[in-house]
Every structure is written in structure tokens, then in C-alpha cells.
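Heads up: the protein sequence lines correspond to chains C and U, in order. Read in numbering that gives the first Met the number 0, the first sequence has 273 at position 274, and its numbers run on one by one without any break. Read in numbering that gives the first Met the number 0, the second sequence has 227 at position 228, and its numbers run on one by one without any break.
Keep in mind that the hints were calculated from the coordinates and are not lab data. Among the hints, a few may not be true.
Stated by the list, open to error - Okay, the calculated bits of chain U under chain C, using three or more residues with CB under 8 Å as the criterion:
(1) 134 to 148
(2) 186 to 197
(3) 239 to 249
(4) 288 to 296
(5) 313 to 320
What the hints assert, rightly or not - Residues from chain C that keep clear of chain U, each with C-beta distances beyond 12 Å, as calculated:
(6) R73
(7) L152
(8) V157
(9) N209
(10) N229
(11) F243
(12) E298
Said to hold, decoys possible - Here are some of the chain C residues that sit facing chain U, going by a computed Cβ distance under 10 Å:
(13) A29
(14) G66
(15) P153
(16) D164
(17) T173
(18) T191
(19) G206
No experiment lies behind these values; they were computed from the predicted model shown. Using N, Cα and C, we set each Cβ at its ideal position, and we do this for glycine too.
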Amino acid sequence: MNRRTLLLGTGAALAGSAILRPNAAFAQQATITGAGASFPRPVYDRWGAAARDAIGVNLNYQSIGSGGGINQIRARTVDFGATDAPLTVAQLTEGNLMQFPTLMGSIVLIVNLPGVGDNQLRLTSDLIVDIFLGRLRRWNDPRLVEANRDLRLPNLPVSVAYRADASGTTWGFTNYLARVSNEWRDGPGAGTSIQWPSGQGARGNEGVSNAVRNTPGAIGYAENAYAVVNRLITTQIRNRAGNFVSPVMETFIAAASAADWSVPNMAPDTLDLPGANAWPMTVGTYILLPTNPPAERVEASRNTMRFFDWAFRNGAQIATQLEYIPLPESVTNVIRANWARQVRTPTGGAIWTA
Amino acid sequence: MPGGPARYAWIGGRRHAVAALPSLLRKDVVVSDMALGAQSAPGAGGRRRVGSFGDKLFAALCAGSGIFVLLLLGALIVTLFIGALPAFMTYGAAFITSTDWNPVEGRESFGGAVAIFGTVVSSILAIIFAVPVAFGIAYFLTELAPQWLRRPIGTAIELLAAVPSIIYGMWGLFVVVPFVQVYIQIGLGEYIAAIPMVGFLFESRFFAGTSLFTGALVLAVMILPFIAATMRDVFEQVPPVYKESAYGLGATRWEVMGGVVIPYTRISVVGGIMLGLGRALGETMAVTFVIGNANRMPQSLFDPSTTIASIVAMEFPESLAGSLKQSALFALGFLLFVISFIVLAASRWLLRSRLK
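Please put together the full structure from these sequences, using the hints given.
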């Protein structure tokens with residue numbers, strides 16, 4: 000009991016120090032606070048540091064997880080929330096929120112197979128589903144060998160590793176599985192955490208990658224940014240067009256531009272898109288902004304939009320450096336139009352006028 | 000308030016005051032006594048007044064601190080229970096027996112059986128691993144070890160108890176998990192799985208090394224110091240004359256342990272084990288790292304499983320406020336509280352004669 004209380008206390012202390020960090024020199028600057036998804040945190044942090052000098056908006060972002068971000072913005076304790084799993088139109092209307100994407104990221108499969116190098120293993124969606132259903136038990140299964148004739152697959156048991164903590168990565172990955180397989184959709188289903196039919200859970204990207212690294216014959220999924228930085232062995236996947244694609248920026252951008260961004264909650268289907276070169280597991284990460292900020296929060300709401308406007312114009316390089324996918328310009332124009340249309344002051348005026 | 004000089008005056012003043020003031024013979028005599036000495040030292044002729052504002056304030060603060068603990072405990076239970084109420088209302092007693100844990104939107108179904116099973120089994124296994132070693136340590140320290148070695152080993156055992164659990168988690172993940180995987184599961188797996196009757200307990204198709212067994216192993220190391228320290232303390236309390244009588248009758252060391260020390264300390268030893276069990280039940284981080292976090296009923300000791308503390312730590316940050324999932328997590332927390340409470344109460348009861 001003590002231990003948990005301590006843990007919470009440490010968390011609170013860390014959060015507290017994050018609030019205190021902006022030093023007195025920036026006291027005259029506008030501060031906006033946000034909380035939520037941990038997936039885009041590296042980019043938001045770098046954007047925040049750059050935007051402080053560029054436009055005088057000081058971002059205080061706490062990556063408490065998507066669920067926490069949704070809770071916080073519903074309670075209006077922050078200026079914006081951030082989530083990986085987008086809300087539906089009904090949920091947005093109910094919470095008086097608008098939603099827009101800021102970045103995209105990709106999910107990749109990571110494997111530990113002696114003798115198999117980076118992006119050599121070729122997997123089809125059927126094989127992925129059967130592996131994660133626990134149906135393919137050994138790596139030298141004829142179906143795997145059939146898809147990988149040029150590789151010598153070892154005779155090892157297949158060990159599946161998944162995220163045990165609820166996460167946007169799991170949301171994206173399980174939605175992909177549910178998309179490509181009716182059996183998965185009606186069986187385990189899709190969500191930020193699900194009832195996995197097989198395998199072992201680990202905490203966070205680092206837990207999954209560690210489980211994979213320690214176990215010959217293991218396969219798991221992770222964010223691309225994490226996999227690249229840690230030089231994990233990834234795989235090719237056959238996309239909807241029937242081509243085997245590798246997880247590289249080119250295929251990610253192909254997926255981003257194939258999506259239909261005009262949907263009302265700005266959260267288009269980005270999974271398993273038809274483009275010839277599109278990576279099948281690409282997901283957005285989203286910001287939740289109140290559409291009805293009270294009078295004293297109007298300025299913070301405007302600054303939030305100024306911050307992301309700046310980030311869309313100038314932050315693409317930072318995002319790609321960190322292996323995230325910036326949004327196409329056509330999308331950011333739609334976002335600005337939605338700001339102007341949806342976010343209103345208490346008297347009904349538009350807050351975003353640029 | 001009580002300054003330096005007051006303390007010097009205390010002893011002398013006390014006798015005087017007790018004689019002079021019958022009111023001090025009430026049961027709050029100690030508190031009044033001390034405050035009284037503190038108060039009146041500077042006064043003329045050593046006369047002391049009782050019941051001044053300072054006394055009452057001090058007594059109230061002390062009583063308040065005591066009652067605060069009770070209120071805090073009560074508030075914890077009530078908060079957990081209120082949070083858990085929607086889950087209990089939805090599932091009733093089936094919450095405890097259902098193995099389903101499905102957080103997917105639209106088909107939510109929550110049951111605590113897997114987590115409860117994992118918690119109880121990993122803790123009991125940990126006790127099974129830890130008790131023989133703890134007994135060995137205690138026996139060595141009280142009977143066999145030369146005097147100069149007793150203190151260093153005793154201190155080392157107590158230091159083990161001070162290692163933060165996250166360290167055990169990291170050690171478990173990077174040392175114990177590969178060890179179990181390579182040397183036990185892959186090295187011995189086939190042989191122990193072939194043992195008749197119990198072989199199925201060891202037959203697993205998960206080869207990652209994170210399992211119920213590994214969790215129990217790490218837990219065993221964590222609770223070892225608690226059990227060993229309690230056992231040492233109670234062994235030391237056996238009156239030497241008993242042991243000497245037995246030795247005088249020609250008993251060996253082992254016979255003295257089995258015939259005198261253990262029977263004399265039996266209940267306290269069990270109490271110490273329960274204390275360790277209580278700690279094992281609530282352990283979070285170290286177990287989360289090594290148990291595999293799978294919400295499926297394990298078929299073997301080498302299958303991944305989960306514990307209540309682990310599932311709450313994993314799922315709570317992403318559960319929406321007011322959702323059934325959050326309520327189910329509260330319900331699990333409440334059940335863990337109940338289980339821990341029962342175990343710790345049992346341990347206090349068994350240890351009652353030693354804790355006086």
C-alpha cells in the first residue's frame with residue numbers, strides 16, 4: 000500500500016517539477032498546458048522548446064497517457080488534451096470538443112530471429128493475424144517458409160510479445176488486425192488494451208522490445224520512432240495493393256497522403272490503405288480542444304492554436320528527425336479552417352481569425 | 000513549547016506532583032506528567048498546574064494523530080468501495096470467479112479471477128521458495144554462526160529489505176528472466192514436464208521466461224529478509240535454559256531445533272511467514288516486470304499471468320474516469336485490500352505474544 004502511495008507521490012512531484020520548470024525569465028510569456036498521449040511527447044517537447052523562442056508560447060505538456068488526456072480535457076483542467084485513439088463525433092459533441100491531428104506515426108513489427116536481418120522477413124496480413132492468434136506455433140511453419148523462400152527460418156517456437164499497458168500503439172495495431180481479419184474483429188477485437196489470445200505482455204515500447212530482444216523467436220510490435228532509435232529488427236509487410244513494403248519514411252508518407260482527411264472528426268481511416276506503396280499500419284495522434292472555452296481561457300485557447308499553427312508551418316523538420324510523419328499541407332489547411340469554424344468565445348465570435 | 004530547562008526539572012517535579020495532585024492518577028497520567036514537568040519548571044517553588052492550554056493542545060494533537068490514522072484507513076476503504084460499486088453492481092459475486100477481462104469498447108466484460116489467482120499463487124509460491132531459505136538463515140544466525148559473523152549477516156539481511164522494489168524488477172528482468180528461460184525452461188523443461196502427475200504444471204508453450212514462476216522467484220527474494228528477520232528474532236527469544244536442558248540430555252543441535260525451538264516459537268514463525276505473504280500480495284513493480292502480464296488463466300507455472308497490483312498499475316492510467324473498466328480496477332484494488340487485510344490480521348494475531 001505504502002509503495003503505491005509513494006509511486007503516486009513521485010508522479011505528482013515530477014508533474015509538479017514540470018510545471019515549475021519554466022523559469023522566471025519567461026514569466027511574461029504565455030503558457031499553455033496540455034496532457035495526454037505519450038507517443039508524440041518527444042516531438043511536442045522539441046516543438047515547445049523551439050516555439051518558446053519563436054512565438055513566445057511556452058508549452059507545458061505532460062504525457063500521462065491518452066486516457067488521462069481525455070479525462071483531463073473533459074474536466075477542463077488543461078488547455079488541450081492529446082490522444083492517440085481518436086474520439087467519435089458523438090463523443091466530441093458530448094464533451095464540447097474539437098479534434099485535429101498533429102502528427103502521424105507508424106507501427107512496425109519487431110522480431111528476433113537468428114540469421115534474419117532488418118526488413119528481410121516478409122509477412123502477409125493473414126500470417127500476422129495467425130501469429131498473434133497463437134495459431135502459428137513455429138517459425139519453420141510451411142506457410143511462413145512459403146512467404147520467405149530466400150530466408151532460412153529457424154526451428155524456434157513463436158513467442159508473441161504485446162503491450163500490457165493500455166496504449167495508442169495497441170489501438171492502432173489491433174485496429175489493423177481487426178481490419179484485415181474478420182476473425183480478429185469478432186474475436187479479440189480492437190482497443191487500447193484487449194484480451195490477447197496468446198503471448199506475454201510487457202510495459203511500454205521498451206518492455207516489448209526488451210522481451211523481443213531477450214527471446215529468440217519472439218515477435219512484437221512497436222512504434223517506428225522507437226524501433227529506429229533502438230535499431231530493432233523490423234519486417235516487411237504486404238499491403239493492400241499486394242506489395243511487400245518496408246517501414247521507411249517514403250511508405251509512411253504514401254499512407255498519409257492516401258487518407259481521406261475530410262471526415263468530420265478529422266480522424267480518417269489510415270490503416271491498410273490502397274496506395275501501391277502505402278505502409279499498412281500508420282496512425283495519427285490527435286489534439287482535443289474545447290470548442291466553448293470560458294472567457295478566461297480564450298487567450299489560452301488562441302495560444303494553443305497559435306502554437307500548433309507554428310508547428311505545422313515550421314515543425315516538420317523536427318518531426319521527421321525524430322522519425323514521425325508530419326501532416327501534408329492540405330490537411331493543416333483543413334485544420335485551420337476547422338479552428339475558425341468550431342472554436343468560439345462565450346459571445347460566439349471566432350477565436351482563430353488568421 | 001517545552002524548552003530545555005523544563006526537561007531537566009522533569010524528574011524532580013514528577014514525584015512532587017504525583018503526591019500533591021490526585022488528578023494525576025487518572026490514566027492519562029503520562030501525558031499530563033510530561034507536560035506538567037515541562038510547564039512548571041520555571042514556576043516558583045516547583046508547584047505545577049495541570050490542565051493548562053498547552054497540556055490540552057498536546058493531548059489533543061496526539062489523540063488527533065492516532066484517530067487520523069483510523070480515519071485515513073476508513074477513507075481508503077470507503078473510496079475504494081465507492082469506486083468499485085458499479086463493477087460489483089454489474090457483476091455481483093461473479094466478478095470474483097469470472098476469468099474474462101475484456102476492455103475492448105462495446106464488449107466490456109471484467110472479471111477478477113485471473114488476477115486474484117495470479118496474486119495468490121505467486122505469493123504462495125514465493126512463500127514456498129523463501130521459507131526454507133529464511134529458516135536456514137535464521138538457524139545459522141542463532142545457532143551456528145560465530146559471534147563475529149552474526150552482525151554482518153544480520154545487517155545484510157536487513158539491507159535486502161531496504162532495496163527498492165524497482166531494483167528487484169530490473170534485476171528480475173535482466174537476470175532472473177533469462178536464467179529461467181535458458182536454464183530452467185529450455186534446459187530442464189522437458190525433464191520436469193515428464194514427471195508423472197505434476198508434469199503438466201511445468202509444460203508451457205511460452206518460452207519468453209516471464210512467467211508465474213519467475214514472478215514468484217523474484218517475490219521470494221523480496222520477502223526473504225522479512226521472514227528471516229522475524230524468525231531470527233523469535234528464535235533468539237527461546238529461553239536459553241530450555242535449550243541447555245535439551246543439550247544436557249544429549250540432544251543434537253537439530254534435535255534442539257526440532258524439539259525445543261520450533262515448538263516454542265511455532266506460532267510466531269507462522270506469523271512471520273504471514274507477514275511476508277502480506278508483502279508479497281501487494282508487490283507491484285517488480286512483479287509487473289517479470290510476470291508476463293497476460294489476462295489468461297495460466298495452464299502451467301511457466302505461463303505468463305498477472306496480479307491484481309500489476310493489472311491496476313498497467314491499466315489505470317488509460318482508463319476513462321467513471322468507466323466500468325476503472326470501476327473494475329477499483330474493485331480489484333478493494334479485493335486486494337481485503338486479502339491483504341485478512342493475511343496481515345492473521346499475522347498480527349499469531350504474533351501477538353511476541354509483539355507486546
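Report task. Double-check G206 (chain C) for me: the hint is only fine if its C-beta lies closer than 10 Å to a C-beta in chain U. Result -> Status holds, d = 8 Å.
Report task. Examine each Cβ of chain U, and state whether all of them lie more than 12 Å from the Cβ of N209 (chain C). Result -> 7 Å, violated
Query raised in the report: Taking 12 Å as the cut and beta carbons as the points, is L152 (chain C) off the interface with chain U?
Result: 16 Å, holds
Query raised in the report: Can we keep the T173 (chain C) interface hint, with Cβ of chain U closer than 10 Å?
Result: 8 Å, holds
Query raised in the report: Can we keep the G66 (chain C) interface hint, with Cβ of chain U closer than 10 Å?
Result: With a closest approach of 4 Å, the G66 (chain C) hint holds.
Requested in this report: Report holds or violated for chain C covering the region 239 to 249 of chain U, Cβ cut-off 8 Å, minimum 3 residues.
Outcome: violated (count 0)
Requested in this report: Run the C-beta distances from E298 (chain C) to all of chain U and say if the shortest one exceeds 12 Å.
Outcome: 27 Å, holds
Query raised in the report: Is F243 (chain C) truly not at the interface, in the sense that its beta carbon sits beyond 12 Å from all beta carbons of chain U?
Result: Its Cβ never comes within 12 Å of chain U, the nearest being 28 Å, so this holds.
Requested in this report: Have a go at the T191 (chain C) hint: is there a Cβ in chain U nearer than 10 Å to its own Cβ?
Outcome: Holds: closest Cβ of chain U sits about 5 Å from T191 (chain C), inside 10 Å.
Query raised in the report: At a threshold of 10 Å, is the proposed contact between D164 (chain C) and chain U supported by beta-carbon distances?
Result: Result: holds, 5 Å to nearest chain U Cβ.
**Report entry** Given as non-interface: V157 (chain C), partner chain U, CB spacing beyond 12 Å
**Finding:** For V157 (chain C), whose nearest Cβ neighbour in chain U is about 9 Å away, the distance does not exceed 12 Å, so it is violated.
Report task. Could you let me know if the closest chain U CB is still more than 12 Å away from the CB of R73 (chain C)? Result -> 7 Å, violated
When the structure is compared with the earlier hints, violations turn up for hints 1, 2, 3, 6, 8, 9, 13 and 15 and for no others.
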